[in-house]
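Engineer: Chain by chain, the residues run as shown.
2 protein chains.
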Amino acid sequence: MSNSFVVFKKRAQKNINTMAQKAKANNLVFRPHFKTHQNIEIGKLFLKEGVSFITVSSLNMAKFFSDYGWDDITIAFPLDIGEINEIDQLAKKINLQILITNKTHLEHLSSLKNRVGVMIEIDTGYHRTGIDFKKMEEVKSLITDIYAQPNLFFMGLLSHYGNSYQSRGKEQIEGTYNRSTHRLIELQKRLAKELGSVIFLSIGDTPTTSVVTKFDGIDEIRPGNFVYYDLMQLQIGSCDISQIAAVVRCPVVDKNPKEKQLIIHGGAVHFSKEIIDIESPKSYGRVVDTSTKNWILSDSFVSSLSQEHGIVQCTDIDFEKYKIGDLIDIIPVHSCLTANLMKENTVII
Amino acid sequence: MSNSFVVFKKRAQKNINTMAQKAKANNLVFRPHFKTHQNIEIGKLFLKEGVSFITVSSLNMAKFFSDYGWDDITIAFPLDIGEINEIDQLAKKINLQILITNKTHLEHLSSLKNRVGVMIEIDTGYHRTGIDFKKMEEVKSLITDIYAQPNLFFMGLLSHYGNSYQSRGKEQIEGTYNRSTHRLIELQKRLAKELGSVIFLSIGDTPTTSVVTKFDGIDEIRPGNFVYYDLMQLQIGSCDISQIAAVVRCPVVDKNPKEKQLIIHGGAVHFSKEIIDIESPKSYGRVVDTSTKNWILSDSFVSSLSQEHGIVQCTDIDFEKYKIGDLIDIIPVHSCLTANLMKENTVII
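Top line first, the protein sequences correspond to chains A and B.
Take the first sequence: its letter number 275 is residue 275 in our numbering, and every next letter is one higher.
Take the second sequence: its letter number 161 is residue 161 in our numbering, and every next letter is one higher.
Just so you know, these hints were derived from the structure itself, not from any lab.
Any given hint might turn out to be false.
Dumping the calculated DSS-like pairs for lysine-lysine here, alpha-carbon to alpha-carbon at most 27 Å [said to hold, decoys possible]: (1) B/LYS260 x A/LYS134; (2) A/LYS135 x B/LYS258; (3) A/LYS170 x A/LYS22; (4) B/LYS189 x A/LYS103.
Computed from the model, here is a short list of chain B residues facing chain A with C-beta under 7 Å [stated by the list, open to error]: (5) SER2; (6) ASP80; (7) ILE81; (8) ILE87; (9) ASN102; (10) LYS103; (11) LEU106; (12) VAL269; (13) ASP277; (14) ASP326.
To be clear about the criterion: a stretch of chain A counts as covered by chain B if any three or more of its residues have a C-beta under 8 Å from a C-beta of chain B, and this derived list gives those stretches [said to hold, decoys possible]: (15) 68-80; (16) 104-111; (17) 136-147; (18) 262-270; (19) 336-347.
Where a beta carbon is used, it is the ideal one built from N, C-alpha and C, also for glycine.
Please build the complete structure, drawing on both the sequences and the hints.
Structural biologist: Take a look at the structure:
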């Protein structure tokens with residue numbers, strides 16, 4: 001193994017504990033998104049904190065974790081009607097919740113033989129998927145139809161505040177949270193009037209759940225990225241350097257003195273090509289010194305990635321410090337995509 | 001399996017045949033880069049054309065293909081000195097060529113017990129890795145040192161004309177080829193004078209090897225991407241639509257009439273986040289109709305990707321045409337990265 005995705009267990013455990021405690025203090029169901037790590041060992045760190053309900057983003061991921069004993073899973077991705085038979089099979093084995101966003105989904109669910117929980121996705125401002133929070137009648141009609149189908153169990157409304165990724169700093173993140181939650185609760189109230197029942201509300205995203213401390217009116221949180229955090233979360237302001245729990249550790253294979261660059265074995269097939277403009281322009285990752293308890297973030301950054309090559313644009317100090325054959329630690333831009341690519345090269349220390 | 005990487009075998013076979021014939025006509029060793037497909041079945045299509053020498057970009061990939069019988073492999077990536085023991089093991093089993101770019105590499109090779117072929121990487125203008133073509137003395141000194149080590153066998157100079165990816169159209173691509181080849185041959189001539197022997201020249205990259213027809217002075221080509229081509233190659237002008245041999249086939253999970261968007265199950269973990277600006281701004285892939293012999297490229301394109309979601313910005317016609325539950329075919333921007341992510345979801349038809 002030449003390069004690896006190194007997870008710092010104590011830091012990850014602390015991140016999990018912090019979020020679990022916060023959920024507990026707010027009487028929230030904590031249903032972490034396992035798409036970030038997709039890793040059984042990391043899953044066990046959640047079990048240690050008493051967290052056994054999980055979220056995933058695909059049927060395949062649900063099957064994977066169910067094979068290892070997780071038996072209450074929400075697939076927080078709009079239903080693929082081509083997968084209904086497989087969903088039916090899985091629902092025989094575990095408590096399965098799926099997500100719908102339109103009437104077509106519901107029509108196809110009538111063939112289910114096993115009991116499946118259904119959530120409706122609500123768009124509270126991210127505008128990726130889900131029914132607009134203003135369209136109460138549409139949501140009500142879906143809920144009524146779910147009630148009418150004996151094998152479906154209505155589980156509530158689900159929203160992903162993904163626009164929090166455009167926020168910068170605590171105040172903006174809280175603003176996104178407040179605006180989105182206000183919209184979700186407004187819809188909930190209107191539905192309560194019509195249907196005579198209070199509907200369960202589930203929200204996701206790492207930035208808001210990391211920063212917000214009071215979750216009035218919310219019933220469940222589904223953050224995922226917080227287990228490792230990454231450069232993007234650092235830029236957004238949802239974590240600080242002490243909470244980063246994973247790096248990509250790459251061998252230096254060459255040095256270019258003219259350009260003050262290190263060439264590393266770490267490319268797009270290891271980092272992914274997610275990009276941000278944190279301080280330096282166009283960065284695919286940032287060099288960090290993890291050899292001390294308090295990590296030291298360097299100004300050296302990954303300026304370019306091809307399939308297997310990475311180019312690190314160095315400070316003078318780092319260019320001197322790292323030799324050919326050394327391993328260099330880099331905080332990835334988006335730990336979810338990196339962890340997915342490095343599934344087979346993950347080392348937990 | 002909800003989405004898949006669909007390879008059209010006849011098209012891939014034709015691409016391989018075309019390149020193999022071109023190599024034959026020019027008396028070139030054809031050593032295709034297998035990092036693009038990393039697939040044993042596609043490897044067999046090469047064997048059908050009598051092509052058994054291969055290039056890979058990592059030691060792990062070399063091990064993978066050697067396990068399936070490939071026994072003459074070049075690792076076209078600067079040596080990671082931390083992997084020398086494993087290289088030694090592999091060299092016991094197969095004809096292995098490695099790539100060096102500096103003196104440090106060579107010093108560490110003295111511990112090898114098995115015979116290993118060594119190539120020196122030359123930078124002819126791409127400026128990623130390799131020794132500048134002007135630095136004849138440096139190259140000569142490395143060659144002399146290789147000669148002096150009994151277990152090392154000097155295999156020649158290797159260059160990747162990666163700057164061809166900045167070219168647009170046949171003329172510019174040929175310009176990049178001519179400029180780079182001129183530099184490589186100039187170095188070769190100077191070395192011949194000094195060392196009294198003609199040195200083997202190996203070049204890579206799909207754009208130039210696709211467009212150029214005469215390879216005077218070159219001994220080996222190592223293209224990889226040409227087996228599938230992709231949207232980037234189409235933009236560069238190294239292929240036409242009839243040569244594209246792979247698409248990502250994704251289920252439509254929702255439709256957004258207001259924005260004329262399809263939501264598909266196909267995200268950054270399937271496509272990668274490689275991006276280009278072909279006609280429309282910021283595209284991660286382009287919709288294509290593969291149901292007829294001559295594929296029809298649509299103006300609909302993937303405008304946004306998150307981990308599992310893709311958003312297709314549609315023409316009016318496509319928005320009507322595709323229904324929830326349908327499968328939609330998309331040409332990825334960079335087939336190498338996509339094929340790597342979809343290794344387990346590849347279907348050859």
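Engineer: With reference to the structure, classify each hint as holding or not holding.
Structural biologist: Verification of the hints:
| no. | hint | result |
| --- | --- | --- |
| 1 | B/LYS260 x A/LYS134 | holds (19 Å) |
| 2 | A/LYS135 x B/LYS258 | holds (14 Å) |
| 3 | A/LYS170 x A/LYS22 | holds (17 Å) |
| 4 | B/LYS189 x A/LYS103 | violated (71 Å) |
| 5 | SER2 | holds (5 Å) |
| 6 | ASP80 | holds (5 Å) |
| 7 | ILE81 | holds (4 Å) |
| 8 | ILE87 | violated (11 Å) |
| 9 | ASN102 | holds (6 Å) |
| 10 | LYS103 | violated (9 Å) |
| 11 | LEU106 | violated (11 Å) |
| 12 | VAL269 | holds (5 Å) |
| 13 | ASP277 | violated (15 Å) |
| 14 | ASP326 | violated (9 Å) |
| 15 | 68-80 | holds (count 4) |
| 16 | 104-111 | holds (count 3) |
| 17 | 136-147 | violated (count 0) |
| 18 | 262-270 | holds (count 4) |
| 19 | 336-347 | holds (count 4) |
When each numbered hint is compared with the structure, violations occur for hints 4, 8, 10, 11, 13, 14 and 17.
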